[in-house]
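Now that you have both chains on their own, put them together as the hints suggest.
Line order of the protein sequences matches chains A and B. Sequence positions in the first sequence follow our numbering and run 6 to 141. Sequence positions in the second sequence follow our numbering and run 145 to 792.
These aren't lab readings, by the way, just hints derived from the structure by calculation. A couple of the hints might just be wrong.
Among the chain A residues that face chain B by a calculated CB cut under 10 Å, a handful are [what the hints assert, rightly or not]: (1) 21; (2) 22; (3) 24; (4) 117; (5) 121; (6) 125.
Cβ pair distances, simulated, as ranges [what the hints assert, rightly or not]: (7) A:127 - B:746: 16 to 24 Å; (8) A:85 - B:563: 40 to 48 Å; (9) B:669 - A:85: 53 to 61 Å; (10) B:607 - A:127: 22 to 30 Å; (11) B:563 - A:112: 29 to 37 Å; (12) A:74 - B:725: 52 to 60 Å.
For every residue, glycine included, the Cβ atom is placed at its ideal position computed from N, Cα and C.
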Amino acid sequence: MRGRAADILLVEDNPGDVRLVREALREGAVEAAVRWARDAEEALACVQSDADQAGGAPDLILLDLNLPRTSGRQVLAALRSLKHLDVVPIVVWTSSQAESDVFESYALRADAYVSKPLTLEELVRTLRGVCRFWLR
Amino acid sequence: MEHLLALIDGDGFMPHGHCYLWTPALLWGQALSNLAIAGAYFSIPFALTYFVRKREDIVFRPMFLMFGLFIMSCGFTHLMDLWTIWRPAYWLDVAVRMFTAGASVSTAWMLWVAMPKALALPSPVALEQANRSLREEISARKLSEERLRASEERFRLLVEGLQDHAMWMMAPDGTVESWNPGAARIYGYSEEEVIGQPAARLYRPEDVAAGEFDALLARARRDGSCEEEGWRVRRDGSRFYANVVTTALHGPDGALRGFARITRDITQRREAEAALRAAEAARESQARLQEMADAMPQIVWTSNAEGLAEYFNRRWYEVTGANHEVSLGQGWSKWVHPDDREAVFESWRAALAAGEVLQIEERIYDRRSGSFRWHLARAVPVRAPGGNVVRWFGTATDVHELREAQRELQEQAQDLARSNEELEQFAYVASHDLQEPLRMVSAFTQLLERRYAERFDGEGREFMHYVIDGARGMQRLIDDLLAYSRIGRRGQPPRPVAADEALGQARANLKLAIDETAARIDCDPLPCVSGDEPQLVQLFQNLIANAIKFRGSNRPHIRIAAVRHGVHWRFSVADNGIGIAPAHFERIFVIFQRLHSKSEYPGTGIGLAACKKIVERHGGRIWVESQPGGGATFFFTLPAVDDPREQG
Numbered sequence: 006m007r008g009r010a011a012d013i014l015l016v017e018d019n020p021g022d023v024r025l026v027r028e029a030l031r032e033g034a035v036e037a038a039v040r041w042a043r044d045a046e047e048a049l050a051c052v053q054s055d056a057d058q059a060g061g062a063p064d065l066i067l068l069d070l071n072l073p074r075t076s077g078r079q080v081l082a083a084l085r086s087l088k089h090l091d092v093v094p095i096v097v098w099t100s101s102q103a104e105s106d107v108f109e110s111y112a113l114r115a116d117a118y119v120s121k122p123l124t125l126e127e128l129v130r131t132l133r134g135v136c137r138f139w140l141r
Numbered sequence: 145m146e147h148l149l150a151l152i153d154g155d156g157f158m159p160h161g162h163c164y165l166w167t168p169a170l171l172w173g174q175a176l177s178n179l180a181i182a183g184a185y186f187s188i189p190f191a192l193t194y195f196v197r198k199r200e201d202i203v204f205r206p207m208f209l210m211f212g213l214f215i216m217s218c219g220f221t222h223l224m225d226l227w228t229i230w231r232p233a234y235w236l237d238v239a240v241r242m243f244t245a246g247a248s249v250s251t252a253w254m255l256w257v258a259m260p261k262a263l264a265l266p267s268p269v270a271l272e273q274a275n276r277s278l279r280e281e282i283s284a285r286k287l288s289e290e291r292l293r294a295s296e297e298r299f300r301l302l303v304e305g306l307q308d309h310a311m312w313m314m315a316p317d318g319t320v321e322s323w324n325p326g327a328a329r330i331y332g333y334s335e336e337e338v339i340g341q342p343a344a345r346l347y348r349p350e351d352v353a354a355g356e357f358d359a360l361l362a363r364a365r366r367d368g369s370c371e372e373e374g375w376r377v378r379r380d381g382s383r384f385y386a387n388v389v390t391t392a393l394h395g396p397d398g399a400l401r402g403f404a405r406i407t408r409d410i411t412q413r414r415e416a417e418a419a420l421r422a423a424e425a426a427r428e429s430q431a432r433l434q435e436m437a438d439a440m441p442q443i444v445w446t447s448n449a450e451g452l453a454e455y456f457n458r459r460w461y462e463v464t465g466a467n468h469e470v471s472l473g474q475g476w477s478k479w480v481h482p483d484d485r486e487a488v489f490e491s492w493r494a495a496l497a498a499g500e501v502l503q504i505e506e507r508i509y510d511r512r513s514g515s516f517r518w519h520l521a522r523a524v525p526v527r528a529p530g531g532n533v534v535r536w537f538g539t540a541t542d543v544h545e546l547r548e549a550q551r552e553l554q555e556q557a558q559d560l561a562r563s564n565e566e567l568e569q570f571a572y573v574a575s576h577d578l579q580e581p582l583r584m585v586s587a588f589t590q591l592l593e594r595r596y597a598e599r600f601d602g603e604g605r606e607f608m609h610y611v612i613d614g615a616r617g618m619q620r621l622i623d624d625l626l627a628y629s630r631i632g633r634r635g636q637p638p639r640p641v642a643a644d645e646a647l648g649q650a651r652a653n654l655k656l657a658i659d660e661t662a663a664r665i666d667c668d669p670l671p672c673v674s675g676d677e678p679q680l681v682q683l684f685q686n687l688i689a690n691a692i693k694f695r696g697s698n699r700p701h702i703r704i705a706a707v708r709h710g711v712h713w714r715f716s717v718a719d720n721g722i723g724i725a726p727a728h729f730e731r732i733f734v735i736f737q738r739l740h741s742k743s744e745y746p747g748t749g750i751g752l753a754a755c756k757k758i759v760e761r762h763g764g765r766i767w768v769e770s771q772p773g774g775g776a777t778f779f780f781t782l783p784a785v786d787d788p789r790e791q792g
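If we strip away everything but chain B, and leave its shape as in the complex, we get (with noise of 0.2 Å):
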C-alpha cells in the first residue's frame, strides 16, 4: 500500500509545477488544457465503439479497437502530464506512455499495413451506387429466394403429400439417404430407422441374392434411369409388388452423386390385372365350353345343388322344340314320357339325396319324328373341394336305334336259343326214337345170319353182310349223334380242373390204340382250367384219337402245349400225319363232314364237330393249322382258372 501510494505521489522527484515556477496561468493552462484533451480522448473510444457497434457492416474492424486503444492511452497520457504538475510520479508516468507508445506504433504500423486496403474502399458515390446495385440485387435476390423457397415449399409439399409414392433418395452406394411419407407409408420403416441404411433390405433375400439390386443399380447408372417391377419387401416381412422408377443424379461435375426414385406399391393393380385376365380366361373357357356343348350330338344340361335345372345346350331345344325359360327347373319333364316320369323323379331324387351318379333309361319327345325316343340319361354330381355337391352336370343319349337293336338281338338270340335246344332235343328224339326200329333190324338180322346163314347161297351171304354193316353203321350214326347232342343237353356247370388228368383219362381210354401204333405223345405240364372235366377229357381224346388215326405212314408223334393268352389258355395238340388242306380248315369242324372214304378212315365224321360243341360250350375258340403232308396243329382255348392244387 506503500508502495501503491508512493508509485501515484512519486517520491524523491520534483512536481511538474517547478519547471513552470508554479506560475499559474501556466500551471492551470497546462492543467485545463490536459484534462480537457484527455476528457475528449476519452470520449472518443466510447464513439468508436458505438460507431462499431451500431455498423455491423463496419470494415477493418480491429483497427477500430487498436485506434480505441490508441486514443485512451493517449488520454491516460495527458491525465498524467496534469497529474506530474503537482505530484512528481514519473514511474508511472513513464509506464503510462511507454503503453502508450506500444499502441500507437501498432496502431501507425496497422494502418499503414491496411493502407492499400483502405484505399481500396469504395468512396461514398461509389459506395452509394454499390449500395443501390446491391439493393437491386438483393431484392432480386429475395424474389429469387422468395421463388426458391415457394418451390421448395411445393416440392416439399409435393413430395411429403404423397402418400401413394414413395420418393426418396439413395447414395451412390446403395444407402438410404432421403424417406418420403409415402416410402415410410409404403414400406414401413420410419425416416429415423432406414436413413444410412442399405436399400437392399427393401429387396427380398433371394433376389438380392441373384445380383438383381446390384444389376439394378448398374443398369440405372449405364442409362440414367430405369423402370422396374418387382417383389419388395417391407419392415414387418410382408411383400408387395413394386412398380420403381430409379433416376441416376449427377453433380454439376458429372460425378455420381446418388439415385432418386419412386416407388408404387402395384399389388393389388396387379391382382386386378390378374383377376381380369383369369376372369377373361374363364370367360373364354366358358364360351368354349358353350361352344363344345352346342357342338354335342348329345342333349347336356346342368342343374343346381337342389336338382333344378338351369342350362341345356342347343341339341335339347332341337329334339324337344321347347323354349328356354319353360325348360328350365323341372319343366323339362314336360318332354318326357309320362309313363316314365314318375320313375324318371324318383332316382333323381334319390341320386340328390345319396349325391351318387343317376342312370336311367327315359323317353324323350323328338318333334322332328313326332315320337318319343329312348335316351339313356345320366346325371353327374359337380363337387366342390370340401365335398359339397354345387351343381349337377347330365347329359340325355338317344339310344333308340341301339335299344331297338339290342331288343332285336334279344330276341333274336333267345329265337337262336330255343331253336338250337330244340334242334338238340330233336337230335336227340331222333336218334333215340331211331334206334328202336335199328335194333330190331340188327338184332333181327343176327338171328337171321345165327340160323339161316347155311341155307344161303354165297349171294345170300354177302346181301346179308351188307344189311348187317348198314344196321351197325347207323347205329354208329346215332349213337354219335346222341353223344353229341348230349354235349349241350348233359353239361356240368364248370368247376376247375387239371387239363393234365383230364389228358391222363383220355390217354388211359385210348391206350389200345397207343400202344397198337407204338404212338408218341410229348406233354408239357398243363394248367388248371375252367371246364366240365368229362368233356375235356373227350375233347383230348378225339384229338389224339383224330391224330393216330390220319398218320399216314409215320410212326404217330403228339406233342400239346398250353400257353397263356389273357384269362384263356391256349392249348395246342400237335401231329407228324398227314395234315389237311387250308380249303378244309372250315368244314373238318361240321358235323358228319368226311373228307375221306370210310374204306380209307372209317368214322362219322363226328369227333371234331364234338370238340368244337365241347370248345365252344366252354367259351372258348377251336382252329387248326396245317399243311397237307406238313401234320396239323389244332389249337383251342379254355378259360384260365387258378389251380387249386396250388392254393393248398
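Next comes chain A alone, as it looks inside the complex (with noise of 0.2 Å):
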C-alpha cells in the first residue's frame, strides 16, 4: 500500500451505496478517499478535471453498471478512450450477475468485474481483495 490515502472514483447513482462502499473501506481498515460521481456526466468532468490538474488521475475507479441517462457500458467505453487513463484500473462494481454484463464489461477493457455482495462482511472482503490487489 502507498504511504498517502488511495483515490477512489466511484460512479454510482445510490447515495446509499456510496456510503456502504465508504464504510465497508473504513471496516476493512482501507485507507482511501471515495470521490462520489453519480453520473456519467459527473464522472466525465471529475476525469477531466484531474486531467487538467497537471495530469492526476485516481488510483481506483469503481463503475456501477446501472446509472441514469446514459449507461455504465457507456461510461467504461468513454473513460478507456481517454488515453491518460490507460493504467488507472477501472472494477466494474455491479448488483447484475447476467453473464453479458460479464463479457460486454471486459469486452470494453474493464480491469475486473465485481458484484456487490449481499452482506455486510462479504462487502468489506471484497473491498479489502480489491483494493489490495489494484492500489499498488
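If you want it as C-alpha cells, here you go:
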C-alpha cells in the first residue's frame, strides 16, 4: 500500500451504496478517499478536471453499470477512450450477475468485474481484496 | 390202249344180237327204243338242272341232284343195252349197271327218307295262298323295313349331324363302343382312335383317381339315368366343362348292354354364367360403393387418369348446390375460392405428373352457409396391376371448425407462451430489482448491529433481530424466485445425460446433510436420458433434500429407481419420511406453497415447484404417491435416449 490514502472514484447513483462502500472500506481498514460521481457527466467531468490539474488521475475507478441516462457500459467505453486513464484500473462494481454484462464489460476493457456482495461481511472482504490487488 | 379197246369192244363173249338171232326187226326195235330211252334220260338231268337253277327256292335240292344222277346213269344203262347188241362189252355193261344200281338205290332211299317232308310240302293251292299271304307279309315287311330304314336314316343323320352333342355308347365295362362326329369334334378323338378304349381317359386323372367315373357308372346302373357336370379332357390334353347325360341300356332279357351318353361342351355357357355373376356382383358392389360414398360426411370424387372429374357423391351437390354436368371435368373449380384456385390447380398438376398423393387445404363454397369453408382435399392415385394410374380417388373433408379451432388454439398457445415469458421476465426483473433495496436493508442493518448493538437495550436488539431475520428470509425468497425463473430462461438444449452422474453430483452437493442425518441412499443403475444436466442435478438434489428434510424421527432411507415406459423412463424417489396427505398432492408442486410452518420445516416452498418446472420443461410429468406417516414416493418421467457410453 502506498503512503498516502488511495484516491478512488466511485461512479454510482445510489447514495446508500456510496455510503456502504465508504463504511466497508473503513471497516476493512483500507486507507482510501472515495470521490463520488453520480452519473456519466460527473464522472467524465471529474477525470477531465484531474487531467487538467497536472495530468492527475484516480488510483482506482469503481463503476456501477446501472446509471441514469447514460449506461455504465457507455461510461466505461468513454473512460477507456481517454489516453491518460490507460493505467488506471477500472473495476465494474454492480449488482448484476448476468453473463452478458460480464462479457461486455471485459470486452470494453474493464480490469475486473465484481458483484456487489449481499452481506456486510462479504462486502468488507471483497473491497479489501479489490483494493489490495489494484492499489499498489 | 389195247385193254381199253377190249373193254369197249368186248372179247370172248357173244354179242347180244345173237340172242335176237340177228333178227333185224328185233335188233332195230331194241336199238332204237334203247337209244330213244337214253336220249330222253339224258335230257332229264338238264331239265332238272335248269329247273333247279331257275327255281332257287326249290326244296330238296340234293334230291334233285341225286335224281339227275340216277336218270343219267339209267340213260347210260340203256346205251350199254344198245352197244352190247353188236359188241359184247359185258364187263363195262355190268360196271355201268352197278353204278346205276347204286344211284337208284340211293335215290330211292332218299326218296323214302324225304317222303314225310315231301308230303308236308303244301299243295299248289295252299302254296298259292301261302304265297299270297307271304307276298302281303313281304310287302308289309318291306314297308316296315322301309320305315325302319327311314327311321334309321333319320337317326343316323341325327346322330351324325349333331355337332354340338357327343352321342356315344359305352360298354358295361366302360369302353367306348360308338362315337359320333359331335363326339369327335368335342373330344378331338377320331372314331378309330377311341373305339374299344376305356372312356375313363376322357376324364381328368384326378377325378378318375377319386373314383368319380366308377361312381357315375354305378349311379347310372342304379337309377337308369343320371346327369352330371364336370371337367373332361380332350385328346390334346386341354380341358372343357361338360354336361353329360348317361343312360343305362338293358336288353330284353334285362341284362345291362351298356350306356348311352350325351355330352355337351358347356364351358362357354359356364364362363358366360360366371361372367354374368361377376358382372352382377360388380353391379351390386358398385351400388354399395355408391351408397357408401353418398352416406359419407365427406365430399368424395373420382377423376380419370388425366385428372378430369367423373363422379361426385351426393355430399358435393348438397354442399355446393352445383349440378352434375357443370361439376365434371374441371367445372368443380368454380366452387373453389378464387384465391385458392391457382394453388389447387398447381398442386393438382404436380400430383398428376408425379402420380403421387395430393393433400391440400382449400376453401369450397357452401351454399347452406353462403360462405366459403375450409376443406382438406386429398387425392390418391388408383393404379392398374402394371402400375399405371388409371383413376384418381379423392375426398374433401370440411375442416373449417377444426382449422378455426386450431388457429385459435395456436393463438392461445402463442399468447400463453408470451404471457409465460413475460411472467418469467417479470419474476426475473422483479427479483433482481427487489434485491437492490434489500441489499441496502441487510447491509445497513448489519452495520447497525455491528456498531450500535451495545447501545441497544434488550428490546432494541430483539427488533434488530427481526429486521435482520426478515431481510434474510426475503433474500432467500428472491434467490429462489430468481433460480426458478432461470429454469426457463437459462436452460440448455437437451442432450444425453447419464442420470446416475446427475444423481452423483446431487449427492455430492448434499454431502453435508446426508452425513449429518446418516441418510441411507439405495440406487438402482440409472439410464441415460435426454436433458439439461445442471437441471437434472437440481431435480435430484431438491427431491433428496426434501426426503431428508421431511424425515420425521426415522433415519432417512431413500430408494431411487427407473423403469422404462415406452419412450420415457419413469424415475422414482421413495423415502420413509412423514408422508403427505393425498389432499395436498397437487398443492405441493405450486410455488411458495408450504404445508408446514417455518419453525417446523424452514424453506420457501420453491423446491418441488422447481422440480415440476424442470420435469415439464423436459416433456415429462411429476407426481407423488404417499400416505401421512407412510413415506412418500415421487415419480417423474424423462425422455429416453440411447446411452452414448454403450455405443462406444
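At the C-beta level, are residue 127 of chain A and residue 746 of chain B separated by a distance inside 16 to 24 Å?
22 Å, holds
Outcome for the supplied range 29 to 37 Å, where the beta carbon pair is residue 563 of chain B and residue 112 of chain A
Since residue 563 of chain B and residue 112 of chain A have Cβ atoms about 34 Å apart, the given range 29 to 37 Å holds.
Tell me if residue 125 of chain A is really an interface residue toward chain B, meaning its C-beta lies closer than 10 Å to one of theirs.
4 Å, holds
Cβ-Cβ distance between residue 669 of chain B and residue 85 of chain A: within 53 to 61 Å?
Holds, since residue 669 of chain B and residue 85 of chain A (Cβ atoms, about 55 Å apart) stay within the stated range.
Supplied contact hint for residue 21 of chain A, tested at 10 Å Cβ to chain B
Status holds, d = 5 Å.
Next item in the hint list is residue 22 of chain A. Is there a CB on chain B closer than 10 Å to its CB?
7 Å, holds
Given a hinted range of 40 to 48 Å, is it respected by the beta-carbon distance of residue 85 of chain A and residue 563 of chain B?
41 Å, holds
Do residue 607 of chain B and residue 127 of chain A keep their Cβ atoms within the hinted range of 22 to 30 Å?
24 Å, holds
Range hint compliance [Cβ, residue 74 of chain A to residue 725 of chain B, 52 to 60 Å]
At roughly 56 Å between Cβ atoms, residue 725 of chain B and residue 74 of chain A fall inside 52 to 60 Å, so the hint holds.
Interface restraint verdict for residue 24 of chain A against chain B (beta-carbon cut-off 10 Å)
8 Å, holds
Would the hint on residue 117 of chain A stand, with a C-beta cut-off of 10 Å toward chain B?
For residue 117 of chain A, the interface hint is violated, since the closest Cβ of chain B sits about 20 Å away, which is over 10 Å.
Does the CB of residue 121 of chain A sit less than 10 Å away from some CB of chain B?
Because about 7 Å separates residue 121 of chain A from the closest Cβ in chain B, which is inside the 10 Å limit, the hint holds.
The structure fails to meet hint 4 from the earlier list, while all remaining hints are met.
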